[in-house]
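Novice: One-letter residues, chain by chain:
There are 2 protein chains.
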Amino acid sequence: MRLSLESAPVPAPGPGEVIIQVEAAPINPSDLGLLLAGADVTAAVASGTEDRPVVTAPLPAAAARALRARVDQSLAVGNEGAGTVVAAGSSEAAQRLLGKLVAAAGGSMYSQYRCVDTMFCLELPDGATAAQGASSFVNPMTALGMIETLRLEGHTGLVHTAAASNLGQMLNRLCLEDDVPLVNIVRKQEQEDLLRAAGATYVCNSSAPTFMDDLTTALEASSATLAFDAIGGGKVGSQILTCMEAAASAASGTYSRYGSAVHKQLYIYGGLDRGPTELTRNYGMAWGIGGWLLTPFLQRIGLEGMIRLRDRVAAELTTTFASTYTREVSLAGALSLDAIADYARHATGSKYLIRPASA
Amino acid sequence: MRLSLESAPVPAPGPGEVIIQVEAAPINPSDLGLLLAGADVTAAVASGTEDRPVVTAPLPAAAARALRARVDQSLAVGNEGAGTVVAAGSSEAAQRLLGKLVAAAGGSMYSQYRCVDTMFCLELPDGATAAQGASSFVNPMTALGMIETLRLEGHTGLVHTAAASNLGQMLNRLCLEDDVPLVNIVRKQEQEDLLRAAGATYVCNSSAPTFMDDLTTALEASSATLAFDAIGGGKVGSQILTCMEAAASAASGTYSRYGSAVHKQLYIYGGLDRGPTELTRNYGMAWGIGGWLLTPFLQRIGLEGMIRLRDRVAAELTTTFASTYTREVSLAGALSLDAIADYARHATGSKYLIRPASA
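Residue numbers (the numbering used here), protein chains in the order written: chain A, 1 to 359; chain B, 1 to 359.
Calculated directly from the structure, the hints in this document are not laboratory data. Careful, some of the hints might be misleading.
No distinction is drawn between identical chains; accordingly, a pair holds when it is met within one copy or between any pair of copies.
[As the list claims (entries may be wrong)] Derived lysine to aspartate or glutamate pairs resembling DMTMM-like cross-links, with alpha carbons at most 20 Å apart:
1. K235 / E278
2. K100 / D117
3. K235 / D273
4. K188 / D273
Put together the whole structure using the sequences plus the hints.
Specialist: Written out as C-alpha cells, the structure is:
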C-alpha cells in the first residue's frame with residue numbers, strides 16, 4: 001500500500017459542473033477502506049519530502065488476495081467535503097452556485113480543487129462554515145437511512161453500536177426528534193454519560209458484567225428488532241440477536257420450538273473490528289444479518305427520496321446533523337505516520353478534518 | 001430432558017378430521033430439536049420397561065436457558081408420517097379419505113393413532129406404500145421451497161450443503177428436472193460419487209485441499225448466488241459467500257471498493273453443527289444471511305402456492321421425491337440408547353423410520 005500526494009491539472013468544468021476549492025473534508029471510517037486498504041499501518045514507513053510525503057505499508061495476505069483487482073491503480077480518496085465554488089460550467093444550476101459555499105459528495109475530495117457535478121452539491125445555509133458542511137452527506141444520510149430502513153422494513157425501534165460516534169450522536173438526536181426508540185450500545189462509561197447527557201433513553205455498556213441483562217431489558221422496553229452495527233467483528237451482533245429473542249420470548253410468554261416468530265434483523269454497516277463475526281444462533285429461525293451500504297440504500301429510495309433527505313440535512317445542518325472534529329490536518333499532515341496511526345485506530349470520539357488549503 | 005411413551009385416548013374426529021393409524025413416520029433433523037432439546041445424549045440414562053422405556057439426559061447450560069419456557073411440558077413429537085384412515089368425521093372431505101392411505105403433516109405423528117385435519121392430509125397415489133409416503137411433506141416441500149425462494153428473490157443458481165442427504169438427493173433431482181444450476185457441497189468422496197452417479201453437474205468436496213478453488217470455479221460456471229446451508233455452525237457458510245464474491249469479481253473484472261454489487265444470500269435451514277457460525281466478511285457489503293424455515297415460507301406463498309407444490313409431490317412421490325431409510329424401529333425402539341446415539345449424530349445417509357404398529 002502506497003500513499004502520496006499528486007499534482008493534477010484542474011479540468012475545465014462541463015456545462016453542469018463546478019470547480020470547488022476544497023476547504024474541509026472529514027476522514028470517515030468509510031474512507032479508510034480505500035485510503036489504507038487494510039494495510040498493516042503499524043509497519044508503515046515514511047519517505048518523500050515534508051510537502052510531498054510518501055507512506056508505504058505491507059498488506060496482510062488476506063487483504064492482498066481481496067485486492068488483486070486494485071494492484072497498481074492510483075486511486076483518489078475522500079467521499080465528501082465542502083468549499084467555495086471558484087468556477088462554474090454554463091448551465092443555470094452551475095452558474096447559480098458560483099462564489100457559493102457548497103458541500104459535495106463527489107469522491108476524491110482530499111484535493112485542493114475538485115470538479116463536481118452540481119447534482120452532488122448542496123448549497124450550505126447562510127452562516128454555515130465549510131467545516132460545518134464538510135460532513136453533510138455520509139453521516140447524515142446514513143443516520144436518516146437507518147430510520148428510513150426501519151420504516152421500510154416494518155420495525156418500530158432501533159439498536160445502534162459504537163453509539164457515541166459522531167454518527168451515533170446524530171442518530172440519537174434524530175431518533176429523539178422522530179420519536180423512534182433507540183437502544184445505544186457503547187463500550188465506556190464516559191460514552192454512556194455523553195449520550196445520557198444528550199437525552200438518550202436507553203444506553204447499554206457492553207463492558208458491564210450485566211450487559212446481556214441490561215440489553216434484554218432495554219429491548220423489552222423499546223421493542224427494537226432492527227440493529228445497525230458499526231463494529232462487524234466479534235460477538236456483539238450475535239449478542240444483540242440473542243437479547244432480541246429473549247425480549248420477544250418474554251413478550252409472547254409461550255415456548256415455540258423454532259424460536260419466536262418475530263423477525264430480528266442486524267445490518268453490519270461498518271468494520272471497526274475487521275476480525276471474524278461469531279454467531280451463536282440461539283435466536284430461533286426468524287433472523288437475518290446483512291451488509292448495509294449507503295449507495296444501494298439511496299438507489300432503493302430513488303431520487304425523490306434522496307432529495308427529501310438532503311433537504312432535511314440542509315435545514316438542520318448545524319443542529320441535528322452537527323459534527324465535531326478533534327484534530328485538523330493539512331493534506332501532507334494527513335499522511336504523517338502519527339496521524340495515520342491515530343485515525344486508523346477508529347477510536348470513537350476521535351475525528352479528523354483535512355484542510356487542503358493549509359500547508 | 002425426559003423421553004417416554006404415553007397412553008392417551010384417541011379423540012372422536014371432528015367434522016373435518018380423520019383418525020390415521022400411523023404406519024410409518026421418519027425421524028427428520030427438524031424433529032430432533034423437539035425430541036432431544038439439545039440434551040447431551042452421550043450422558044443419557046435408560047429406565048422404565050422394554051415396552052415403556054424412559055430416557056433422561058442432562059441439558060447443557062445454554063440449552064437450559066433457551067428452553068426455560070418449555071420446562072415441565074410434555075410435548076408430542078413427529079412432524080409427518082403416513083398411514084390408513086380408520087375413522088373419519090362427517091364432512092365430505094373426511095369421508096372421502098376413509099380406508100385410504102394418506103400422508104399427514106399433522107405433528108405428533110410418533111403415535112399409533114393420530115387425529116388430523118384433512119387440510120394436512122395428502123392421499124397417496126395408487127400403489128404407493130406408507131413408507132414411501134411417510135416423508136412426503138418436510139423434505140419435498142423444503143426442496144421445492146428452495147427453488148421457489150430462488151425465483152422469488154431473483155437468483156438463477158443454487159448452492160446446497162450436506163448435499164448427499166435424502167433432501168439433497170431430492171433437490172439434485174428437482175434441479176436437474178427444472179434446469180436450475182445446483183452446486184452440491186459434500187464432505188466425503190463416496191457422497192461425491194453418489195451425487196455424480198445421480199447426474200449432478202457440480203459437486204465440491206469441502207474436505208479437499210482445493211475446496212475453495214473448486215467452489216469458486218463451480219460458482220463462476222453456475223452463477224449461483226443463493227445458498228441453503230443445513231450445517232449452520234463453522235465456516236462453510238462464510239466460505240460459500242467468499243467464493244461467490246470471488247466469482248462475481250472475476251465476472252465483472254473491475255475493482256470495487258465495497259466489493260461486488262451482486263447480492264449474495266445464504267439461508268441456514270438446519271443445525272447439523274450446533275456450534276457458532278464464523279463469518280470472515282471478505283465479501284463486500286452486498287450479502288445477507290438468515291434463518292429459513294418451511295412454515296413461514298409456506299405462509300409467504302399462500303394456500304394456492306402450497307397446493308401447487310403438494311400436487312407436484314403427489315405426482316412424483318416415488319421418483320423425484322423418493323426417500324430411503326437405513327433403519328426401521330418401533331416406538332419403543334426409537335427410545336433405545338443405541339438408536340438415540342445413532343440418529344442424534346445426524347450422519348448424512350443414515351435415516352430412521354418409526355413403525356408405530358410394530359412391537
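Novice: Each hint: holds or not?
Specialist: So, going through the hints one by one against the coordinates:
1. K235 / E278: Result: close both inside a copy and across copies, 5 Å intra and 10 Å inter.
2. K100 / D117: within (15 Å within a copy, 73 Å between copies)
3. K235 / D273: Both, since 11 Å and 18 Å are each at most 20 Å.
4. K188 / D273: within (16 Å within a copy, 35 Å between copies)
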